[in-house]
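Student: Could you put the whole structure together from the sequences, leaning on the hints where they help?
2 protein chains.
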Amino acid sequence: MEYLSEDRIAILGAAGAIGSNLAQAVLTLGLTPRVRLYDPFPQGLEGVAEELRHCAFPGARIAATTDIREALEGARIVVSSGGAPRREGMTREDLLRGNAAIAAQLGRDLRTCAPDVQLAIVVFNPADITGLTALVHAGVEPRRVATLAALDSTRLQSELARHFGVSPNRVTGCRTYGGHGESMAVFASTARVDGTPLTDLIGTEALPAAAWAALRERVAQGGKRIIELRGRSSFQSPAHQAALMCRAALGGPPYPWPVGAYVHAPDAGIERILMAVETRLGPDGVKAKLPEGTPEEMAALRASVRHLVRLRDEVIAMGVLPPLDRWTETNPHL
Amino acid sequence: MEYLSEDRIAILGAAGAIGSNLAQAVLTLGLTPRVRLYDPFPQGLEGVAEELRHCAFPGARIAATTDIREALEGARIVVSSGGAPRREGMTREDLLRGNAAIAAQLGRDLRTCAPDVQLAIVVFNPADITGLTALVHAGVEPRRVATLAALDSTRLQSELARHFGVSPNRVTGCRTYGGHGESMAVFASTARVDGTPLTDLIGTEALPAAAWAALRERVAQGGKRIIELRGRSSFQSPAHQAALMCRAALGGPPYPWPVGAYVHAPDAGIERILMAVETRLGPDGVKAKLPEGTPEEMAALRASVRHLVRLRDEVIAMGVLPPLDRWTETNPHL
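Protein chains in written order, with the numbering used here: chain A, 1 to 334; chain B, 1001 to 1334.
Note that these hints are calculated values from the structure, not bench results.
Watch out, some of these pointers could steer you wrong.
To be verified - Pairwise CB distance ranges (calculated):
id: 1; chain 1: A; residue 1: Glu-6; chain 2: B; residue 2: Thr-1196; range: 22 to 30 Å
id: 2; chain 1: A; residue 1: Pro-58; chain 2: B; residue 2: Glu-1006; range: 23 to 31 Å
id: 3; chain 1: B; residue 1: Ala-1209; chain 2: A; residue 2: Asp-94; range: 39 to 47 Å
id: 4; chain 1: A; residue 1: Ala-213; chain 2: B; residue 2: Asp-1067; range: 46 to 54 Å
id: 5; chain 1: B; residue 1: Arg-1225; chain 2: A; residue 2: Thr-196; range: 28 to 36 Å
id: 6; chain 1: B; residue 1: Arg-1087; chain 2: A; residue 2: Gln-221; range: 29 to 37 Å
id: 7; chain 1: A; residue 1: Leu-324; chain 2: B; residue 2: Gly-1251; range: 57 to 65 Å
id: 8; chain 1: B; residue 1: Arg-1061; chain 2: A; residue 2: Thr-196; range: 15 to 23 Å
id: 9; chain 1: A; residue 1: Thr-196; chain 2: B; residue 2: Asp-1067; range: 30 to 38 Å
id: 10; chain 1: A; residue 1: Gly-319; chain 2: B; residue 2: Gly-1251; range: 53 to 61 Å
On a predicted model such as this, the values are computed, not experimentally measured, just so you know.
Note that the Cβ used here is the ideal one computed from N, Cα and C, for glycine as well.
Tutor: Here it is as structure tokens:
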């Protein structure tokens, strides 16, 4: 079996549903034979490692460790799905506080054990904030941290295909930028259905305004819907998309969806946040490109940015991120 | 994205852990864009279909149905992981009775809805018996039904690699035939560790007899160990291996592990069972080749066959399979 690379991928949170599926996807896609699995929960971790060994991927060298240093050292790519899911009785703030703290520790671990990492991909929610928090604490260049941000766009494609009764392949250019779920900014002007611009369809009989609003709402609630249907958070689609991000980072085909990347563009009124944007994702890391759209789309993006700024400032108020004017003390690249 | 085939794969039990993982693996491996998911549990089924759509496999046409006829009609390959797992308080006989009845229904459904199926792959336990039961009731040629039988062999490879401290790639020719788990027949004479025949190592300091016995026991208990570690039955390795079987059946690379296939070789003293053997698995279906080994290995195989015959005869006694002398009334190809 030919692998795209011989470099090591470290998967943190490997005992979980996303991490274990991601490890399998990385090997199934033939990205690298060298996969190191980390989780603080040794039993589940060993179970996943055993399952993957029983898959018998030719040439695979699957290691598992509960030692974060051993997990990170020498890894070219690190993917962390190691956040906590939201549990019964937790407020949104509890979740934010808990996962931001986990992300801060991830950042410190990267700083200590993998300062030369080519790309760290953060998958746990709220990813725009956890990715940003990891970046600040890691002290690495912004191009070294990306977050999974594709699912709103893939859900938009899927919902449009369903509405118009066409194969998803016929729905192109689906893009949401900024935040995730309810705070996403949908950029309809880039999308086409069977070649027709989506903006020519919105408000017509083919897609009345109310149906379009309902469709966007289904996209925003796509993750919640999976929980209702399966009784658990989505894990197959995040894992698959994270594996495709790894593939692009290792020099494989371009990654076709938006990626969460650091944006600091004071001229555009966007400062020091991480959000879903168009990017170039490859062996040089991730490079953000600011979205361009209609006035309405840019207004939606600004609203999304304001939401992300509020979340970021909450994390600063919690003391998990330093005040903005002291970020460069922690990370001189920002 | 290029797919190996445009023909449809039907996955039964798609809401379950194996079925949902298998659907993802089939698409990740690029076997076919046409995947039809079936499960009697509509919520979980729709959740899996949604997750797979959110993966955005280019060109994929993912359909989900709770109608078995719709699921099977026009499918070139059918994979069923739709058995029940063993639950608290169930005896082994309860499990056998329940899953044999499910397999009999699978066979009748194949007969009615997919008589021209190229290959039906049965993944649920005890697979040697459920596969045989499905074959008898389906009325198709024996080459049209295969079962997953790789995991004892891949576990043997994994355990030998661990024992000798080498990469699994350096352990070749691992083969178990006959039944699964405790009733498997290990064929050590085909295996090599770093080029050295395993039989030259057994009983030496490198692998004392007691260590070899303990190793075989770990292989036999490999599935149970996953349950202990993960709190659930193994699903990643069966799904991955079943996907590789589909790949070979669609004309892809040869399948490298033993497969469960129908064997009726009175000269060899093996009559009308289905068991793990060497096979040729491809677009013509599955063709069994009787194992050859040392006298000890052949004795172990005969013991394994006796075990499978007892299980088969239990299912006949339950009335789920007809008496042997009436099989051809149900399936003239046997």
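Student: Against each hint, give a clear statement of whether it holds in the structure.
Tutor: We went through each hint and held it up to the structure:
1. Take Glu-6 (chain A) and Thr-1196 (chain B): their Cβ atoms lie about 26 Å apart, and the range 22 to 30 Å holds.
2. The hinted window of 23 to 31 Å between Pro-58 (chain A) and Glu-1006 (chain B) holds, with their beta carbons roughly 27 Å apart.
3. Restraint check, Ala-1209 (chain B) to Asp-94 (chain A): a C-beta distance of roughly 57 Å breaks the suggested window 39 to 47 Å.
4. For the hinted restraint 46 to 54 Å between Ala-213 (chain A) and Asp-1067 (chain B), the CB-CB distance of approximately 33 Å leaves it violated.
5. Remark: the range hint 28 to 36 Å for Arg-1225 (chain B) to Thr-196 (chain A) is contradicted by a beta-carbon distance near 55 Å.
6. Between Arg-1087 (chain B) and Gln-221 (chain A) the beta carbon distance is about 34 Å. The supplied range of 29 to 37 Å therefore holds.
7. Judged by the Cβ atoms, the range 57 to 65 Å given for Leu-324 (chain A) and Gly-1251 (chain B) holds: they are separated by roughly 59 Å.
8. A C-beta distance of roughly 21 Å is found between Arg-1061 (chain B) and Thr-196 (chain A), which places it inside the suggested range of 15 to 23 Å.
9. In this structure, Thr-196 (chain A) and Asp-1067 (chain B) meet the distance hint of 30 to 38 Å, their C-beta atoms being roughly 33 Å apart.
10. Checking the proposed 53 to 61 Å range against Gly-319 (chain A) and Gly-1251 (chain B) shows it holds: the Cβ atoms sit about 60 Å from each other.
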